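Novice: Heads up: the sequence shown at position 52 corresponds to 52 in the UniProt record's numbering, and the numbers run straight through without jumps.
Keep in mind the hints are simulated off the structure, nothing from the lab.
Incorrect hints may appear among the rest.
As the list claims (entries may be wrong) - Cβ-Cβ distance ranges computed for the label pairs, FRET-style: (1) Ser5 to Pro31: 36 to 42 Å; (2) Asp91 to Asp24: 17 to 23 Å; (3) Ser5 to Gly95: 28 to 34 Å; (4) Ser5 to Arg57: 20 to 26 Å; (5) Glu45 to Ala92: 19 to 25 Å; (6) Glu59 to Ala104: 16 to 22 Å; (7) Ile4 to Glu59: 36 to 42 Å; (8) Arg57 to Asp8: 32 to 38 Å.
Stated by the list, open to error - Below are the DSS-like pairs computed for lysine-lysine, each with C-alpha atoms no more than 25 Å apart in a straight line: (9) Lys30 to Lys46; (10) Lys30 to Lys47; (11) Lys64 to Lys34; (12) Lys46 to Lys64; (13) Lys64 to Lys47; (14) Lys34 to Lys47; (15) Lys46 to Lys34; (16) Lys64 to Lys30.
Remember, predicted model here, so these are calculated numbers, not experimental data.
For glycine and all other residues, C-beta sits at the position ideal for the given N, C-alpha and C.
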Amino acid sequence: MTEISFDDFLAVDIRVGTITRAEDFPEARKPAIKLWVDFGDEIGEKKSSAQITAHYRPESLVGKQVMGVVNFPPRQIGPVRSEVLILGLHDADGGVVLVGPDQAIANGERLC
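The task is simple: from the sequences and hints, build the whole structure.
Specialist: Below, the structure is given as structure tokens:
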């Protein structure tokens, strides 16, 4: 494991947002879901693709709060321009479990 400085940590802008829309992403090489996430007035809505189909269906995601890195440059994933990296953890079977607050938090609040 490589140690980083506190300044390195501060450079990563991790915010909470609410999923406003979710759709299957059949064009992806690996099963994925397209997400639109509202990160509040300062950042706005961002689009992403997430390989989270082991535990989630699009219709169950709308309204769910998630954490995302909002200061990565956009990345083209097939026909989708991903604007944010949504955070998750692998379970014992390799499926991704989304990371989010356990209480409602205002969209756009930064991880501290």
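Novice: State for each hint whether it applies.
Specialist: Right, here's what the structure says about each hint:
Separation of Ser5 from Pro31 is about 37 Å and conforms to the stated range, judged on CB atoms against 36 to 42 Å. The supplied range of 17 to 23 Å is met by Asp91 and Asp24, whose beta-carbon atoms lie about 21 Å from each other. The hinted range of 28 to 34 Å is satisfied by Ser5 and Gly95, whose Cβ atoms lie roughly 33 Å apart. Hint check: Ser5 to Arg57, Cβ distance near 40 Å, so the stated range 20 to 26 Å is violated.
About 33 Å separates the C-beta atoms of Glu45 and Ala92, a value inconsistent with the hinted range of 19 to 25 Å. Distance hint for Glu59 and Ala104: a CB-CB separation of about 20 Å, consistent with the stated range 16 to 22 Å. In this structure the hint that Ile4 and Glu59 lie 36 to 42 Å apart at CB holds, the actual value being about 38 Å. In this structure the supplied range 32 to 38 Å holds for Arg57 paired with Asp8, their Cβ-Cβ distance being about 36 Å.
At roughly 21 Å between alpha-carbon atoms, Lys30 and Lys46 fall within 25 Å of each other, so this suggested pair holds. Distance check on the hinted pair: Lys30 and Lys47 sit about 18 Å apart at the alpha-carbon level, within 25 Å; holds. Between Lys64 and Lys34 the CA atoms are separated by roughly 14 Å; this keeps the pair inside 25 Å, and the hint holds. At most 25 Å may separate the alpha-carbon atoms for a hinted pair to count; Lys46 and Lys64 meet this at roughly 15 Å.
A hinted pair counts as satisfied when its Cα atoms are at most 25 Å apart, and Lys64 with Lys47 qualifies at roughly 15 Å. Our distance criterion of 25 Å between C-alpha atoms is met by Lys34 and Lys47, whose separation comes to about 7 Å. About 11 Å separates the Cα atoms of Lys46 and Lys34, which keeps this hinted pair within 25 Å; it holds. A C-alpha spacing of about 23 Å is found between Lys64 and Lys30, which places the hinted pair at or below 25 Å, so the restraint holds.
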